[in-house]
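Enquirer: Given next are the chains, with one letter for each unit.
Protein chains: 2
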Amino acid sequence: MKVGSEHFRTIWETSDALETRAVEIIDQTRLPFRFDIVRMETVAEAVHAIMDMLVRGAPLIGATAAYGMALAMRNDTSDENLGDAYVNLLAARPTAVNLRWALDDMKNILMPLEPHQRLKAAFARAAEICDEDAAQCSAIGDHGLELIRGAYEKCGRSRPVNILTHCNAGWLATVDWGTATAPIYKAFAAGIPLHVWVDETRPRNQGASLTAWELGQNGVPHTVIVDNAGGHLMQHGKVDMCIVGTDRTTRTGDVCNKIGTYLKALAASDNSVPFYVALPGTTIDWSLRNGKDIPIEERAETEVTEISGLTRGGDIETIRIVASGSNALNPAFDVTPAEYVTALITERGVCEASEIALAALYPKESKI
Amino acid sequence: MKVGSEHFRTIWETSDALETRAVEIIDQTRLPFRFDIVRMETVAEAVHAIMDMLVRGAPLIGATAAYGMALAMRNDTSDENLGDAYVNLLAARPTAVNLRWALDDMKNILMPLEPHQRLKAAFARAAEICDEDAAQCSAIGDHGLELIRGAYEKCGRSRPVNILTHCNAGWLATVDWGTATAPIYKAFAAGIPLHVWVDETRPRNQGASLTAWELGQNGVPHTVIVDNAGGHLMQHGKVDMCIVGTDRTTRTGDVCNKIGTYLKALAASDNSVPFYVALPGTTIDWSLRNGKDIPIEERAETEVTEISGLTRGGDIETIRIVASGSNALNPAFDVTPAEYVTALITERGVCEASEIALAALYPKESKI
Numbered sequence: 001m002k003v004g005s006e007h008f009r010t011i012w013e014t015s016d017a018l019e020t021r022a023v024e025i026i027d028q029t030r031l032p033f034r035f036d037i038v039r040m041e042t043v044a045e046a047v048h049a050i051m052d053m054l055v056r057g058a059p060l061i062g063a064t065a066a067y068g069m070a071l072a073m074r075n076d077t078s079d080e081n082l083g084d085a086y087v088n089l090l091a092a093r094p095t096a097v098n099l100r101w102a103l104d105d106m107k108n109i110l111m112p113l114e115p116h117q118r119l120k121a122a123f124a125r126a127a128e129i130c131d132e133d134a135a136q137c138s139a140i141g142d143h144g145l146e147l148i149r150g151a152y153e154k155c156g157r158s159r160p161v162n163i164l165t166h167c168n169a170g171w172l173a174t175v176d177w178g179t180a181t182a183p184i185y186k187a188f189a190a191g192i193p194l195h196v197w198v199d200e201t202r203p204r205n206q207g208a209s210l211t212a213w214e215l216g217q218n219g220v221p222h223t224v225i226v227d228n229a230g231g232h233l234m235q236h237g238k239v240d241m242c243i244v245g246t247d248r249t250t251r252t253g254d255v256c257n258k259i260g261t262y263l264k265a266l267a268a269s270d271n272s273v274p275f276y277v278a279l280p281g282t283t284i285d286w287s288l289r290n291g292k293d294i295p296i297e298e299r300a301e302t303e304v305t306e307i308s309g310l311t312r313g314g315d316i317e318t319i320r321i322v323a324s325g326s327n328a329l330n331p332a333f334d335v336t337p338a339e340y341v342t343a344l345i346t347e348r349g350v351c352e353a354s355e356i357a358l359a360a361l362y363p364k365e366s367k368i
Numbered sequence: 001m002k003v004g005s006e007h008f009r010t011i012w013e014t015s016d017a018l019e020t021r022a023v024e025i026i027d028q029t030r031l032p033f034r035f036d037i038v039r040m041e042t043v044a045e046a047v048h049a050i051m052d053m054l055v056r057g058a059p060l061i062g063a064t065a066a067y068g069m070a071l072a073m074r075n076d077t078s079d080e081n082l083g084d085a086y087v088n089l090l091a092a093r094p095t096a097v098n099l100r101w102a103l104d105d106m107k108n109i110l111m112p113l114e115p116h117q118r119l120k121a122a123f124a125r126a127a128e129i130c131d132e133d134a135a136q137c138s139a140i141g142d143h144g145l146e147l148i149r150g151a152y153e154k155c156g157r158s159r160p161v162n163i164l165t166h167c168n169a170g171w172l173a174t175v176d177w178g179t180a181t182a183p184i185y186k187a188f189a190a191g192i193p194l195h196v197w198v199d200e201t202r203p204r205n206q207g208a209s210l211t212a213w214e215l216g217q218n219g220v221p222h223t224v225i226v227d228n229a230g231g232h233l234m235q236h237g238k239v240d241m242c243i244v245g246t247d248r249t250t251r252t253g254d255v256c257n258k259i260g261t262y263l264k265a266l267a268a269s270d271n272s273v274p275f276y277v278a279l280p281g282t283t284i285d286w287s288l289r290n291g292k293d294i295p296i297e298e299r300a301e302t303e304v305t306e307i308s309g310l311t312r313g314g315d316i317e318t319i320r321i322v323a324s325g326s327n328a329l330n331p332a333f334d335v336t337p338a339e340y341v342t343a344l345i346t347e348r349g350v351c352e353a354s355e356i357a358l359a360a361l362y363p364k365e366s367k368i
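Order-wise, the sequence lines are chains F and H. Going by the working numbering, the first residue of the first sequence is number 1, and it counts up by one from there. Going by the working numbering, the first residue of the second sequence is number 1, and it counts up by one from there.
It should be emphasised that the hints constitute simulated quantities derived from the structure, not laboratory data. Please note that a few of the clues may not be correct.
Identical copies go unnamed one by one, so any copy, or any two together, can satisfy a pair.
[As the list claims (entries may be wrong)] Simulated pairs of lysine-lysine, DSSO-like, Cα-Cα distance not exceeding 27 angstroms:
1) 154 - 120
2) 292 - 154
3) 238 - 292
4) 292 - 364
5) 154 - 367
6) 120 - 238
Predicted model only: the values in this text are computed from it and were never measured.
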């Protein structure tokens, strides 16, 4: 997607020769107030990027880990170094499913090769993983575009389509396009007038900082609202549809996503607003039948009690916003039961949030 | 209620002689990080306190306005000065209903009196208004206490009662006790183990800054959560009841309160959690039948895009938290339809959120 007038992915190779090739990323901890590109030349730098959340979002974490393996091969293509890189990268954020998937994939491809073949193969496979992710998101966008087009037709092409999104399931969380944002970018490119309500998304505020920023850079009309406001807007007919992402989806269509998603799904249901969830098939956990069985990560309470932003002097400052002596609890995700999900938008098409519909789209994967 | 070990109301007279008597308030713009007491000696200072939100909350605004009239009488008890004070105080926050009510009440009492009688009468009536408000809130507390006691019995006295509240309908918004917090303080004083989930309450964060602070000062166990988290906690049985306040209530029981209240009511309904609204009868707008007819104030977008808090250096700093170039929309209230309100807790007792039940409690007021 675009940053200013330039096209970017969230991760890319420098054009140097294979032996000195580096990988660059956007330091997302500095967004939206700084656009800093960080160069990675070693596996340690890739571990740091994942651990300290310079990159975040499951697909991008996977892509970064794949490139971390490639960078490890620059100096030492031995089995031992390959194994060390795998272990160190896996430990960077142990809960992300895509991280393990990408690392296993790289290891399975590299291990059987002669050491001298590994560097080239590693970069080739990492690039392929990125391309696959971008293609998958693009396909989600193509399918979701039709839903937005439908809403535009439904209102007689009389006004822009209002879409509400929560958190950042944007291109910044993937290699390109994003998941929830892909239909938005595709519809915008197709000339369908639209406007996005961006939930601030407390805590961590990925909506106000990342989603608003990337929509702005791509010229998509949008307005930031507090997480409390979406229900009111739906009551007053200001939302035509919600599109959100998901971190994990059960085989029955329950959706685990950033905390607060469930509240928006309830409001959408109460006001007959379609509630769509965009996802690549890889986020479906076929071993799970009930969303209640998804363990919910509790994160540091400082994510609630403190917040960072830009001072009038132009510095990035962290301030405390909760009364001293008061504690906070910080569950990071909630589960939206399938009954509140109007449809799932996957790279293979749009389907009902149900076991039968998902199994029809993913016949092979669903047989476990 | 208590601040440290001392008992405070939100507004009080100094003990000086009548001619030099001043009124003191807590500067709520500095909470929770500073506890500053501000002395008011003139009507201009009372106007400033209301306009710049040193005091907020409809009942406390009314009480402050009443004292503003009394302070005006210190120097000049003429009809002209009485009229000027009325006009200036009314303009301080023109939308608050209690402000006009308190000013009309003071004017109606003072105007028929001889000028030399007015100073004493003004202070006496202002004190009475404060006492009436405190008594009303105390009665709300007594009635609501029984609901909390019921929840404690229901769980077999096996664990603390978990109560979720939104925004600050606390003693800081009234003269004493608060509305939504009154049952909590009464139950806590009665020895019922309880714990309060405090919604941060974006924007303005009155939950994280004011409710958490006042509960903490009074020793009430509580935990701050982001507004997104309440639904998840209800799904997991961590909330026994919600108690919130209201800014305006229709004669049919629709409730207009701080933005986001509606989302919590939906989640409570979805999880069979009782959702209570605490209110003095004065907030009922008997002229309104449908909550959709309540005009919703849109406030400055900087309340969304900027936030204030305490730096590590101990200063109060304002920072921007939304991507530059992105706009925000800031509706301040939403309406929760009566069907999602389990019961109303008034100073006259607990009743169903319906026209029949409200008219039974307020037979005289409902006949308009």
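Enquirer: Determine for every hint whether it applies to the structure shown.
Expert: The hints, checked one at a time:
no. : hint      : result
1   : 154 - 120 : neither (51 angstroms within a copy, 67 angstroms between copies)
2   : 292 - 154 : between (36 angstroms within a copy, 25 angstroms between copies)
3   : 238 - 292 : between (31 angstroms within a copy, 14 angstroms between copies)
4   : 292 - 364 : within (25 angstroms within a copy, 50 angstroms between copies)
5   : 154 - 367 : neither (38 angstroms within a copy, 45 angstroms between copies)
6   : 120 - 238 : neither (52 angstroms within a copy, 53 angstroms between copies)
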